[in-house]
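There are 2 protein chains.
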Amino acid sequence: MQDLLIRNIRPMGAEAQDILIRAGRIAAIGKGLAAEGATIEDGAGAIAIPTLADTHTHLDKTTWGMPWYPGRKGGSLQDLIDNERNSRIPLGLDVHRQSMRHAIQLVENGTGHIRSHVDIDTDHGLSLLEGKLATRTALADAVDMQIVAFPQSGLMKRPGTYELMDEALAMGADVVGGLDPSSMDRDPKGSLDAIFRLAEKHGKPIDIHLHEYGELGAFTLEEIIARTHALGMQGLVGVSHCFCLGMPDPLRVGPLMEEVAKADIRIFTTGHPSAEVPSLQDMRAAGIKVGLGCDGIRDTWGPWGQPDMLHRARIVGMKNRMRRDDELELLLDAASRGGVEAMGLEAPGLVPGAPGDLTLVAGETLAHAVVEEAPRPLVVKRGRVVARAGRIALPGVVMP
Amino acid sequence: MQDLLIRNIRPMGAEAQDILIRAGRIAAIGKGLAAEGATIEDGAGAIAIPTLADTHTHLDKTTWGMPWYPGRKGGSLQDLIDNERNSRIPLGLDVHRQSMRHAIQLVENGTGHIRSHVDIDTDHGLSLLEGKLATRTALADAVDMQIVAFPQSGLMKRPGTYELMDEALAMGADVVGGLDPSSMDRDPKGSLDAIFRLAEKHGKPIDIHLHEYGELGAFTLEEIIARTHALGMQGLVGVSHCFCLGMPDPLRVGPLMEEVAKADIRIFTTGHPSAEVPSLQDMRAAGIKVGLGCDGIRDTWGPWGQPDMLHRARIVGMKNRMRRDDELELLLDAASRGGVEAMGLEAPGLVPGAPGDLTLVAGETLAHAVVEEAPRPLVVKRGRVVARAGRIALPGVVMP
Numbered sequence: 513m514q515d516l517l518i519r520n521i522r523p524m525g526a527e528a529q530d531i532l533i534r535a536g537r538i539a540a541i542g543k544g545l546a547a548e549g550a551t552i553e554d555g556a557g558a559i560a561i562p563t564l565a566d567t568h569t570h571l572d573k574t575t576w577g578m579p580w581y582p583g584r585k586g587g588s589l590q591d592l593i594d595n596e597r598n599s600r601i602p603l604g605l606d607v608h609r610q611s612m613r614h615a616i617q618l619v620e621n622g623t624g625h626i627r628s629h630v631d632i633d634t635d636h637g638l639s640l641l642e643g644k645l646a647t648r649t650a651l652a653d654a655v656d657m658q659i660v661a662f663p664q665s666g667l668m669k670r671p672g673t674y675e676l677m678d679e680a681l682a683m684g685a686d687v688v689g690g691l692d693p694s695s696m697d698r699d700p701k702g703s704l705d706a707i708f709r710l711a712e713k714h715g716k717p718i719d720i721h722l723h724e725y726g727e728l729g730a731f732t733l734e735e736i737i738a739r740t741h742a743l744g745m746q747g748l749v750g751v752s753h754c755f756c757l758g759m760p761d762p763l764r765v766g767p768l769m770e771e772v773a774k775a776d777i778r779i780f781t782t783g784h785p786s787a788e789v790p791s792l793q794d795m796r797a798a799g800i801k802v803g804l805g806c807d808g809i810r811d812t813w814g815p816w817g818q819p820d821m822l823h824r825a826r827i828v829g830m831k832n833r834m835r836r837d838d839e840l841e842l843l844l845d846a847a848s849r850g851g852v853e854a855m856g857l858e859a860p861g862l863v864p865g866a867p868g869d870l871t872l873v874a875g876e877t878l879a880h881a882v883v884e885e886a887p888r889p890l891v892v893k894r895g896r897v898v899a900r901a902g903r904i905a906l907p908g909v910v911m912p
Numbered sequence: 513m514q515d516l517l518i519r520n521i522r523p524m525g526a527e528a529q530d531i532l533i534r535a536g537r538i539a540a541i542g543k544g545l546a547a548e549g550a551t552i553e554d555g556a557g558a559i560a561i562p563t564l565a566d567t568h569t570h571l572d573k574t575t576w577g578m579p580w581y582p583g584r585k586g587g588s589l590q591d592l593i594d595n596e597r598n599s600r601i602p603l604g605l606d607v608h609r610q611s612m613r614h615a616i617q618l619v620e621n622g623t624g625h626i627r628s629h630v631d632i633d634t635d636h637g638l639s640l641l642e643g644k645l646a647t648r649t650a651l652a653d654a655v656d657m658q659i660v661a662f663p664q665s666g667l668m669k670r671p672g673t674y675e676l677m678d679e680a681l682a683m684g685a686d687v688v689g690g691l692d693p694s695s696m697d698r699d700p701k702g703s704l705d706a707i708f709r710l711a712e713k714h715g716k717p718i719d720i721h722l723h724e725y726g727e728l729g730a731f732t733l734e735e736i737i738a739r740t741h742a743l744g745m746q747g748l749v750g751v752s753h754c755f756c757l758g759m760p761d762p763l764r765v766g767p768l769m770e771e772v773a774k775a776d777i778r779i780f781t782t783g784h785p786s787a788e789v790p791s792l793q794d795m796r797a798a799g800i801k802v803g804l805g806c807d808g809i810r811d812t813w814g815p816w817g818q819p820d821m822l823h824r825a826r827i828v829g830m831k832n833r834m835r836r837d838d839e840l841e842l843l844l845d846a847a848s849r850g851g852v853e854a855m856g857l858e859a860p861g862l863v864p865g866a867p868g869d870l871t872l873v874a875g876e877t878l879a880h881a882v883v884e885e886a887p888r889p890l891v892v893k894r895g896r897v898v899a900r901a902g903r904i905a906l907p908g909v910v911m912p
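Quick mapping for you: the protein sequence lines, in order, are chains X and P. My numbering applies: residue 513 is where the first sequence begins, and numbers increase by one. My numbering applies: residue 513 is where the second sequence begins, and numbers increase by one.
If you are wondering where the hints come from, they were derived from the structure by calculation, not from laboratory data. Hints should not be assumed to be uniformly reliable.
Keeping only pairs whose Cα atoms sit at most 16 Å apart, straight-line, the calculated EDC-like set for lysine to aspartate or glutamate is [what the hints assert, rightly or not]: (1) X:K774 - X:D837; (2) X:K774 - X:E788; (3) P:K585 - X:E841; (4) P:K716 - P:D705; (5) X:K585 - P:D838; (6) X:K585 - P:E839; (7) X:K585 - P:E841; (8) P:K774 - P:E734; (9) X:K713 - X:E675; (10) P:K701 - P:E679; (11) P:K585 - X:E734; (12) P:K585 - X:D837; (13) X:K774 - X:D761; (14) X:K774 - X:E734; (15) X:K585 - P:D678; (16) P:K585 - X:D594; (17) X:K669 - X:E734; (18) P:K669 - P:D591; (19) P:K716 - P:D761; (20) P:K774 - P:D761; (21) P:K713 - P:E770; (22) P:K716 - P:E679; (23) P:K713 - P:E734; (24) P:K669 - P:D699.
Quick partial rundown of chain P residues pointing at chain X, CB under 7 Å, derived from the structure [what the hints assert, rightly or not]: (25) A546; (26) G549; (27) G586; (28) F708; (29) S786; (30) G814; (31) W816; (32) K831; (33) T877.
Where a beta carbon is used, it is the ideal one built from N, C-alpha and C, also for glycine.
Just chain X, same shape as in the assembly (with noise of 0.2 Å):
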C-alpha cells in the first residue's frame, strides 16, 4: 500500500505539522515530511485526533433512510422489545442495507471503531448476525467492527436462545452480550452463569446492557465483578449504560467504581437524557476505562439520535455539566483513544508507531472541535482516505 502524507495538519491541536502513514501505522510525526511515492493530502491547518469509537450501538435497528415510521410505543421495556421484534418483517427492516446507512454515516464521521450488538432471538434466529457480518466485510478498509451476540428478547425468558447465541459465537461474533439478568432475564445467577459460560467456551469478552437502577443494578453488577474475578476475566467485561452507577448516593457509588476499576470492567455510557447516568469524570477519576456510544438511532424504539460520535460525545458532556476545555478534553478522548481502548484494542494516540487511524475536526481547540457542528474534512483508516468532506471515499462502497 501506498505511503500517506498529510501536510499542515495539527496533531491534537498541537501546531502545523505533517504525518506520515506508511504499512497502516504512523511513522512520522514532524515538519516538513518528505516520503518518495506517497500519495499527499493537505489538512489546510485542521485538527487530527484519533478515529472516533462508537463503542455501544445497535446497527441492525435502524429506520434511517426508510419511510418514517409512525408506529413507535410508550410502556414498558419489554412492550418497546416486543414492538420492535414483531415489526422488522412488517416493516422490512433489511439488516444488511440498513447497517450499512448507519456504519456508512458513522465512517464519514469520523468513527473508526463500532462495537454494534445485533439481536439474537427465536424468531429471527442468526438472520440478522448474517446482515450485521455482510457489512462488516463490505466496510472492512473502512471500520474495525466488533459485534456483540446479543439476547434481546431475554437469554433464560426464551428457550433456545442460548443454543443460537452459542451458534452466533461460532459464526463470527466477537462478544458475549446480555440483558439485564435480574429485571429482564428474571434470574440473575441463570443469566450470568450462561453469559460466562458462554464467554469462557468460545474465549471471547463480555458486554451486558444493564439498565437496572439502585439497588437492584448494583447486586447485579456486584454479581458481574465476583464472576469477572473468578474466571479470571479482568479486562474481558463490559458493562453498557450501568445506570446503577449514577445513583445519586457518593457513598455507594464511589466503593462500587472502585471494585468495577479493579476487576478492569469496561464502562460503555451513552449519557442517556432521561435517566441517571454514571458520571463520566467520576469514571475516569477511578480509573475505569469507558466508552461513549450513540445507541439506536432513529430506530422503532425511538426517534433520536445522529450517527455521529461528535453528536453524541455532545450529549454526554451535557449530561455531565461539562463546561470546562479540560473536561471537553477529557470528553474527546473518551470518544476516540479512550473507547477503542475500553473496547479492549491498541489505542496509544497520535504516536509514531499507533495505528494509522486519524480524523480531522473543524475547530480552532479540541475543545472547540467538540462542540463545532461540521462535517471531518478527512477520515483516515490503516493510512487510507477513507471518507472526505463527510462523504465516504472509499472504492466500491456506496451508500444503498
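Take the given structure of chain X and dock chain P to it, following the hints.
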C-alpha cells in the same frame, strides 16, 4: 405590502395546498389559490408550521463567531456569574454584534419570536440593553423580540440594581426579570416584592429565573403564586427553568402544577440536560402554557447549544423521554405556537386570520420534522420571506 402566495405546502403535515398571506395575515389556505400581483413561492411540498419561538435565551451573552473562549469555569452559580461580568469587557463582547449573530441564526432556523433576557448590573449599567435594543430594531421585520430586564448579578445584593432595572423598563425592556429570590438574592420577600413593584409601576409582565431545587424552589414558587393572585397578574407572570417542578415526588409536584395553572403562570423550560426539569407532558396536561428556549449559546458559562429551536426541541424531547409521534407533535407545538402563547401573544396556529408567520421544515410528518437535521427551506414573517434555505434573506440585514 405585496401579497405572498406560497404554493404546494403541507400545513401541519396535511395534504399539499397553497397559503395566501395578505397585509401580514393568513388570508386563505386551500387548493389552487390565486392572487393577482402576489409574490409567488414554491413550497415544493414541504410541511409548514407556525414560526418557532425561542422563549428563553440570552442574546447578550454568546461568543459565537469570536475566537474560542477557553476561560470557562466550574464552581458555583455565583462563580459563573462573576466570571461573566468580569470577562465581558476584556473579551470585547459587543452585545449588538453578538446578539445580531445569535438572533439572525435563530431567524434562519425558523424562529419568529424571541424572549431574551439582558443583564442589568451595576458594572455595565444599561449598555448591554442598548446593544440589544439596536438589534431588536435592526431585525424588527424578521422577528418579534421581547426583552427581559434581568438582574443577573442579583437585585437585592448589589445596591443600585433596582434603579437600573427601573430605568431599563422605561427605556424599552418589555418584561421584569428576576433571579432566584431565595438562593441568590437571599431575601425572597424583598426580591419578589421589588420585582412585582416594578411590574406594577411599569405595567409589564414578569419572568423570573428559578433554578432553586426541591423544597426551596417550591417555597419561592408558592410566594410567586401568592403575589400573582394578590395583584391580579394571572397570565402575566412567567417562571423560567422552575427546576422544583422536576422534583421526583408526584404528590408534591402534581398539586403545585395545578396551582401554577390556576394562576396562569407561564413556564419556560430549556430541558436542561443535567438538571431535574419539569415534565413537559405533565405541565401541558395540567393546563400550563409552556414555552421552550435555547438558553445561552456558547457563552462564558458553557460551550453548548445551537441557535436553533428544533435542536432545542430535540434536547427537551429526549430529556422528557418522548418517543411516540403524538409526543413529538406536542413538543413541536410547544416549540412554536405554544411558546408564542406562553409569551402572552396571539397564537392561533396556521388558520385564516392568524399572523402570517410560518416556516417550512424538512420531513415527511410533523414528528419527522422534529428530528430531521436540515435547514429550513423558507421562513416567513408577517407575509414576507425573511430566510431561505437556512440563510437570512431580508434586504439590508447582513450577518456581522
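Here is what the structure says about each hint:
Proposed proximity of K774 of chain X and D837 of chain X is contradicted: the alpha carbons are some 29 Å apart, above 16 Å. Our distance criterion of 16 Å between C-alpha atoms is broken by K774 of chain X and E788 of chain X, whose separation comes to about 23 Å. Taken as a hint, the K585 of chain P and E841 of chain X pair is honoured in the structure, with Cα atoms around 14 Å apart against an allowance of 16 Å. Annotation: proposed proximity of K716 of chain P to D705 of chain P holds, straight-line Cα distance about 15 Å (limit 16 Å).
Straight-line distance between C-alpha atoms of K585 of chain X and D838 of chain P comes to about 10 Å, which keeps the hinted pair within the 16 Å bound. A threshold of 16 Å between alpha carbons decides the hint, and for K585 of chain X with E839 of chain P the separation of about 10 Å falls inside it, so the pair holds. Note on K585 of chain X and E841 of chain P: the hinted pairing holds, with a Cα-Cα distance of about 14 Å set against a maximum of 16 Å. With a CA separation close to 12 Å, the supplied pair K774 of chain P and E734 of chain P stays within the 16 Å bound.
At roughly 13 Å between alpha-carbon atoms, K713 of chain X and E675 of chain X fall within 16 Å of each other, so this suggested pair holds. A threshold of 16 Å between alpha carbons decides the hint, and for K701 of chain P with E679 of chain P the separation of about 22 Å lies outside it, so the pair is violated. Using a Cα cut-off of 16 Å, the hinted pair K585 of chain P and E734 of chain X is violated, with the two alpha carbons roughly 36 Å apart. Only pairs whose Cα atoms come within 16 Å are accepted, and K585 of chain P paired with D837 of chain X is accepted, the gap being roughly 9 Å.
Straight-line distance between C-alpha atoms of K774 of chain X and D761 of chain X comes to about 20 Å, which puts the hinted pair past the 16 Å bound. Of the supplied pair hints, the one linking K774 of chain X and E734 of chain X holds, its CA atoms being roughly 12 Å apart against a limit of 16 Å. Taking the CA atoms of K585 of chain X and D678 of chain P, the gap is near 51 Å; set against the 16 Å cutoff, the hint is violated. Pair hint K585 of chain P plus D594 of chain X does not hold up; C-alpha atoms about 46 Å apart against a cutoff of 16 Å.
With a C-alpha separation of about 22 Å, the suggested pair K669 of chain X and E734 of chain X falls outside the 16 Å cut-off, and the hint is violated. For the hint pairing K669 of chain P with D591 of chain P, the CA-to-CA distance comes to about 15 Å; that is within 16 Å, so the pair holds. Simply put, K716 of chain P and D761 of chain P have alpha-carbon atoms about 34 Å apart, too far for the 16 Å limit, and the pair is violated. For the proposed pair K774 of chain P and D761 of chain P, the alpha carbon gap of about 20 Å is over 16 Å, so the pair is violated.
Restraint check for K713 of chain P and E770 of chain P: the C-alpha separation of about 29 Å exceeds 16 Å, so the hint is violated. Proximity of K716 of chain P to E679 of chain P is assessed by CA-CA distance (about 13 Å); at most 16 Å being required, the pair is judged to hold. Distance check on the hinted pair: K713 of chain P and E734 of chain P sit about 23 Å apart at the alpha-carbon level, beyond 16 Å; violated. For the proposed pair K669 of chain P and D699 of chain P, the alpha carbon gap of about 9 Å is at most 16 Å, so the pair holds.
Because the beta carbon of A546 of chain P sits about 32 Å from the nearest beta carbon in chain X, more than 7 Å, this interface hint is broken. Among the interface hints, the one on G549 of chain P is violated; its C-beta lies about 38 Å from the nearest C-beta in chain X, farther than the 7 Å criterion. Here the hint on G586 of chain P is kept, as its CB sits about 6 Å from the closest CB of chain X, short of 7 Å. With a least beta-carbon distance of about 32 Å to chain X, the hint placing F708 of chain P at the interface is violated under the 7 Å criterion.
The beta carbon of S786 of chain P comes within 4 Å of a beta carbon in chain X, closer than 7 Å, and the hint placing it at the interface holds. Given hint, G814 of chain P at the interface with chain X, holds; its Cβ is 5 Å from that chain's nearest Cβ, closer than 7 Å. Hint status for W816 of chain P: holds, given a least beta-carbon distance of 5 Å to chain X, under 7 Å. For K831 of chain P, the interface hint holds, the least distance from its beta-carbon to any beta-carbon of chain X being 5 Å, beneath 7 Å.
Hint on T877 of chain P holds. Least Cβ distance to chain X is approximately 5 Å, under the 7 Å limit.
The earlier numbered hints that this structure contradicts are 1, 2, 10, 11, 13, 15, 16, 17, 19, 20, 21, 23, 25, 26 and 28.
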